[in-house]
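Participant: Start counting the sequence shown at 1; every next residue gets the next number (the UniProt record's numbering).
If you are wondering where the hints come from, they were derived from the structure by calculation, not from laboratory data. Treat each hint with caution, since some may be false.
Derived pair list, reagent style SDA-like, types lysine to any residue, alpha-carbon separation capped at 25 Å [unchecked claim]:
id : residue 1 : residue 2
1  : K43       : A16
2  : K43       : L32
3  : K55       : A16
4  : K33       : K63
5  : K63       : G49
6  : K55       : Q15
7  : K33       : E12
8  : K43       : T31
9  : K63       : L32
10 : K33       : H47
11 : K21       : N9
12 : K43       : R62
13 : K63       : G29
14 : K43       : K63
15 : K54       : R14
This one's a predicted model, so the numbers in the text were calculated from it and none came from an experiment.
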Amino acid sequence: MSKNSNQINVPEARQAMDSLKQEVAGELGITLKQGYNGDIAAKDAGHIGGNMVKKMIEAQERKMH
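Using the sequences and the hints given, assemble the complete structure.
Facilitator: Below you can see the structure in the form of structure tokens.
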């Protein structure tokens, strides 16, 4: 049994991360359920995660300028 390493270090950020995940999935045309989504294709999960990181980096870059 493996341990999930995708833990949120700041508990208050959970809702923001969930909202961002839903937003990105919607933009990509991927339907997510509330809660567990381990049944989606790894390719789709990768697209969602990659685009989330891209959006977070862009937001941080905007703050720096």
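Participant: Now, for every hint given, state plainly whether the structure supports it.
Facilitator: Going through the hints against the structure:
| no. | hint | verdict |
| --- | --- | --- |
| 1 | K43 with A16 | holds, 23 Å |
| 2 | K43 with L32 | holds, 14 Å |
| 3 | K55 with A16 | holds, 13 Å |
| 4 | K33 with K63 | violated, 32 Å |
| 5 | K63 with G49 | holds, 21 Å |
| 6 | K55 with Q15 | holds, 16 Å |
| 7 | K33 with E12 | holds, 21 Å |
| 8 | K43 with T31 | holds, 13 Å |
| 9 | K63 with L32 | violated, 29 Å |
| 10 | K33 with H47 | holds, 16 Å |
| 11 | K21 with N9 | holds, 17 Å |
| 12 | K43 with R62 | violated, 29 Å |
| 13 | K63 with G29 | violated, 28 Å |
| 14 | K43 with K63 | violated, 31 Å |
| 15 | K54 with R14 | holds, 18 Å |
Of the numbered hints given earlier, the model fails hints 4, 9, 12, 13, 14; all others are met.
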